[in-house]
Structures are given as C-alpha cells and as structure tokens.
Amino acid sequence: MVLISTSPTFDLRTYRAKVEAAMEKAILTGKPVIFENTGPVHAGVVIEVMLAHSTVSFDIVSGCLDRVAWEADSLQKFLDLTTRPKMRILLDGLQDGVIPDESALNDLKQNSGLIVKHLPKSLVPHICVGDRKHVRLELKQSTSEASVTFGDSVTTGPSAVRIFDRLWDSVRDRPALVYGMKAAAVSAAS
Amino acid sequence: MPDKSFQLWSDPLTYIVWVTFFSATAILFISRHSDFKIWLIQRRLPLNLLAVCYFFAFLVCWRSVPTLLWLGFPPESFQEVLHVQGMVSGPDLIVSFLMISALTVSAGFSYLCLPTDRAEMRLASMTKAALFAALIEPERYDKWYNSIGEAERTPLRKLLKGLLYPRDGLGGWYLLGPEDFDKAVGKNAWKRFARYVDGHLDDGWIRVCIYSLGTAMVMGMLCLFYRYFGFCRWIFHPTEFGVVTLLVLINFVVASLIVYLAFGAHLGETAIRDAIQLAVAEVQPAIQASAAVRRDADLRTLEGIVSNLNLEGPRQQR
Numbered sequence: 338m339v340l341i342s343t344s345p346t347f348d349l350r351t352y353r354a355k356v357e358a359a360m361e362k363a364i365l366t367g368k369p370v371i372f373e374n375t376g377p378v379h380a381g382v383v384i385e386v387m388l389a390h391s392t393v394s395f396d397i398v399s400g401c402l403d404r405v406a407w408e409a410d411s412l413q414k415f416l417d418l419t420t421r422p423k424m425r426i427l428l429d430g431l432q433d434g435v436i437p438d439e440s441a442l443n444d445l446k447q448n449s450g451l452i453v454k455h456l457p458k459s460l461v462p463h464i465c466v467g468d469r470k471h472v473r474l475e476l477k478q479s480t481s482e483a484s485v486t487f488g489d490s491v492t493t494g495p496s497a498v499r500i501f502d503r504l505w506d507s508v509r510d511r512p513a514l515v516y517g518m519k520a521a522a523v524s525a526a527s
Numbered sequence: 539m540p541d542k543s544f545q546l547w548s549d550p551l552t553y554i555v556w557v558t559f560f561s562a563t564a565i566l567f568i569s570r571h572s573d574f575k576i577w578l579i580q581r582r583l584p585l586n587l588l589a590v591c592y593f594f595a596f597l598v599c600w601r602s603v604p605t606l607l608w609l610g611f612p613p614e615s616f617q618e619v620l621h622v623q624g625m626v627s628g629p630d631l632i633v634s635f636l637m638i639s640a641l642t643v644s645a646g647f648s649y650l651c652l653p654t655d656r657a658e659m660r661l662a663s664m665t666k667a668a669l670f671a672a673l674i675e676p677e678r679y680d681k682w683y684n685s686i687g688e689a690e691r692t693p694l695r696k697l698l699k700g701l702l703y704p705r706d707g708l709g710g711w712y713l714l715g716p717e718d719f720d721k722a723v724g725k726n727a728w729k730r731f732a733r734y735v736d737g738h739l740d741d742g743w744i745r746v747c748i749y750s751l752g753t754a755m756v757m758g759m760l761c762l763f764y765r766y767f768g769f770c771r772w773i774f775h776p777t778e779f780g781v782v783t784l785l786v787l788i789n790f791v792v793a794s795l796i797v798y799l800a801f802g803a804h805l806g807e808t809a810i811r812d813a814i815q816l817a818v819a820e821v822q823p824a825i826q827a828s829a830a831v832r833r834d835a836d837l838r839t840l841e842g843i844v845s846n847l848n849l850e851g852p853r854q855q856r
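As given, the protein sequences belong to chains A and B, one line each in that order. Sequential numbering from 338 applies to the first sequence in the numbering used here. Sequential numbering from 539 applies to the second sequence in the numbering used here.
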C-alpha cells in the first residue's frame, strides 16, 4: 500500500484526488467510507465531490451557502443534470430572510428543481446529504469541523434525510426564497 | 627560548583562517532560521560543544609551539615557522594538521550533527502528507491521539505524533527514546536519524555542506603551503610531494566520511518513511472507527436538537 507521495508537500489538488478516490471506493465497493474534514477550503472540496457524485437529490442546511465552501458552478452543474435532480436548501443564518451577497445562491440560475427556504432558528449543526447516502455533518461552524460519510444508504444517509425531512416539514408553510440573478438585481435596486 | 607562539599568533593567515571560519559559521547559523534567538536556545547543547571544539582548536593553534618546546622538542624543529622554505618538521606539521583537523571537524560537526530545522520541516511535511493521503487531517490525528489512553499509544502512533510536532529535529524520538525508536522504525534507524542534516534530506544542502568543508580544507592547505613552501612551490619539489599527497589523502578521508554519513542518513530517512507508512496504515482503521462513533453521536445530537426545535416564531408574510 502506497500512502506517501514522492513529494513531501501536499496541496489541495492531491486532497481533492484523495477525496474523489474515497468516493469512488465507496461507490465501487458498496462499503461506506468515513473520514473527518476541517476548514472551509477542505469543506469546499468535499462538498464539490459530493455534488459531482449525486444525481437525484441534494439536501442542505447551511447558514447562507457561503461562496467559500459552496461553489456556484458545482451547484449549477448538479441542477443542470438531465436526471432532473431535486435540491432542497434550508438557510438558518439570514438576517430578515434576505440572502446576503456572499451567498453562492446569487450566482445560480433559476431552476425548478431548487427550493430555498429560511429556517428562522439558527441550527448549530449543519448538514448536507447527497442521494440519501453521502453525508457531511458539520458540528462546529467556526472551524467547519465535520464528519463525512460516503456511500452509506443503510444507516447514516437515511438518518440524515429523516432529520432533514423533519426540518423541511417544519417550514412547509413558509414561502420559498427568491434566489439567483433576480435576487441580486432586487437587492441592488433596493 | 624565543616565543614562537607570538609569531604564529601574529601571522595574518592565522587571522584569515579563524575569521573566515567564525564568520562563515555565524552567517550560516543566522541564515538558517528567522527566529535565531529561539533557534539558538533550543540547540544550546550542540552549539556549546561546537564552541568547545573551536576553543580547543584555537588553543592548539595558539599554544602549540611553546607546548611542544616544553615537551622537549628541539627548537631547530621550528625553523619553518620563521618561513624558511623547503624545511618541514614533524611536530610543526602535526600542529598545523591539528589546527586544520579541529576546524574541519568542528565545521563538519556543525553541519552533520546538529539537528536541523529543515529536517524537522521535511519530516513533519512527510508525515502530514501521509496522513492526508489516508484522509486523516493532522489536527484530527492530534485530537484523537490525545483522547486515547497510554496503553493504546503504540510506538508507531507515538512516532506519528512526534514527527508531526518535532522538537529539536528529533521527531518522534522525544516521545519514544532511541531504543523504542529503533524498535518502532527498525533498521538501526535511530543512529542514522540522529545524523540527520539538511544535506541528507535535500541535494541542495548536501552540496553546500561539501562545498563549505571543501573550501575550508583548501584554505587550510593553502595556509600550509604558504607557511612551509611558499605558494605552489610544492608542485616542483619532489621531496615535498609526499606531504601534499598526505593532505590530499586526508581530504579524501573526510569527504568519504561525509558521503558515508549522508548515505547512512538517507537509509535512516527511508526507514522512517517506511515507518510512517506502517504507522498510518495502523492508525487509519482506529481513526475511522472513532470517526464513525463520533458521527453517530453527532447525528443523535442533531436529532435531539431538531426534535426540540421550536419554530413557532414570527413567520414571514407570503
């Protein structure tokens, strides 16, 4: 088993490759891969890989979908898949229900598969679930410290979706937020 | 009896040799670390040894002739000190060799035996890369290591911890001790590891090391040539050729020693690299299991938070 690259340095591209390899291993073997993930940049890498390997659904609880961790291109690519995926987003860090400028939502095109809602109470743990089997659970937002599970459609995935569904149901009556270019334009006009 | 030491001491070439060695060493030390004071404090023991080495070399250089006279060597042996060309005496040659050897050994000691920042960084970086490659973040490893009991801290786990947070370039040694280090790493790695230097880990530094020592020796040899033969007169003098051959041989032996140490350290590095691989392979399942336990606990925490979440606050207008 070769664990060490010939180069002593370890850059983000290598980290991304390792995360992708972990995802592929989870998918190919059918066995979940678990690891821990810290920092917004590494969080971004994990989220990007999760988005790239999800085709049906993606559920997110986030503060405002900050651009540091959430890349609009990856989100848009997922939404543009021909499989017509569904994405549900709950934002718990909004001031007066307004999407802030730093949100990646401002860079997205309107899409019928995407529904964004405001969770009026701040939820300390944040979570995202891809295809009911890839889960990133962030318990410390200050350090983006999270546990990541790839390919667990038996226990972790369904548990996380069940938690998300309960949250989603609790805001069922609330209106969906306006996002994307239009929201940015409204914000600029106001 | 004339005071020969005065002549030796007043020789400008002696000053050149000493000033060059002192300043070159000081510049190299200072240039190696941004926080020089802390670096100096952390390495006070090897630096003190180096200072002692210099002191003895200085003493030998300064007081050698009177001492040898006191021991009963005839004053005629020191004619060459008076720059009589073509006369080489055994005692004076020994004195000069001692001076050069002391300086060379101390310079070599400073490069070969001092634990170095570069070795620290290199090992820490290598360990971090290995952990990252196994999708273990170093900070998480640190937390996990601190959370486990002493009984679970195997030599390999200690080694990883030590290499991540090295002290004085000694990596996992301060957690393990030399014997345990050798047990954990094998291949007699501790002895090799203890010889770790910049140059052993980086081709650029080994060139600097050899170049510095080479320059020092050439300088010393030039001093000798000047003192005994006048510059380069030895080339044309058949009886003095043997002396030069001897000097070249000494040079060769020292260079061989450097190569030997470098090669040993290279083997040490390879052994440590293997040990890091083993250690990461050993800790990976344990850390994954720990992460799974933590994740399940986090999910339960989240479930509890969501169950108790009261969303009956002011609702947005449709």
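Accuracy of the hints is not assured; some may be wrong.
Taking lysine-lysine and the BS3-like style, the derived pairs with C-alpha atoms no more than 30 Å apart in a straight line are [claimed, not checked]: (1) B:666 / A:355; (2) A:477 / B:575; (3) B:575 / A:368; (4) A:362 / B:681; (5) B:721 / A:362; (6) B:681 / A:477; (7) A:355 / B:681.
Distance ranges between label pairs, derived from CB positions [claimed, not checked]: (8) B:839 / A:376: 18 to 28 Å; (9) A:358 / B:838: 22 to 32 Å; (10) B:690 / A:450: 45 to 55 Å; (11) B:839 / A:435: 45 to 55 Å; (12) B:663 / A:461: 20 to 30 Å; (13) A:490 / B:831: 17 to 27 Å; (14) A:499 / B:690: 12 to 22 Å.
These aren't lab readings, by the way, just hints derived from the structure by calculation. Every residue, glycine too, gets a C-beta built ideally from N, C-alpha and C.
Cross-check of the supplied hints:
Simply put, residue 666 of chain B and residue 355 of chain A have alpha-carbon atoms about 14 Å apart, close enough for the 30 Å limit, and the pair holds. Between residue 477 of chain A and residue 575 of chain B, the direct Cα distance comes to roughly 38 Å. Violation of the 30 Å bound is thereby established for this hinted pair. Between residue 575 of chain B and residue 368 of chain A the CA atoms are separated by roughly 52 Å; this puts the pair beyond 30 Å, and the hint is violated. Distance check on the hinted pair: residue 362 of chain A and residue 681 of chain B sit about 26 Å apart at the alpha-carbon level, within 30 Å; holds.
Distance hint between residue 721 of chain B and residue 362 of chain A is unfulfilled; the C-alpha atoms sit about 34 Å from each other, more than 30 Å. Between residue 681 of chain B and residue 477 of chain A the CA atoms are separated by roughly 15 Å; this keeps the pair inside 30 Å, and the hint holds. For the hint pairing residue 355 of chain A with residue 681 of chain B, the CA-to-CA distance comes to about 22 Å; that is within 30 Å, so the pair holds. A hinted range of 18 to 28 Å for the beta carbons of residue 839 of chain B and residue 376 of chain A is consistent with their spacing of about 21 Å.
For the pair residue 358 of chain A and residue 838 of chain B, the beta carbons lie near 30 Å from each other, so the given range of 22 to 32 Å is met. Between residue 690 of chain B and residue 450 of chain A the CB atoms are about 48 Å apart, so this pair conforms to the stated range of 45 to 55 Å. Taking the beta carbon of each, residue 839 of chain B and residue 435 of chain A are about 29 Å apart, not inside 45 to 55 Å as hinted. Checked against the hint of 20 to 30 Å, the C-beta distance between residue 663 of chain B and residue 461 of chain A comes to roughly 34 Å, which is inconsistent with it.
Between residue 490 of chain A and residue 831 of chain B the C-beta distance comes to about 20 Å, which sits within the given range of 17 to 27 Å. Under the hint 12 to 22 Å, the C-beta atoms of residue 499 of chain A and residue 690 of chain B, about 34 Å apart, miss the expected range.
Violated hints for the displayed structure, listed by number in ascending order: 2, 3, 5, 11, 12 and 14.
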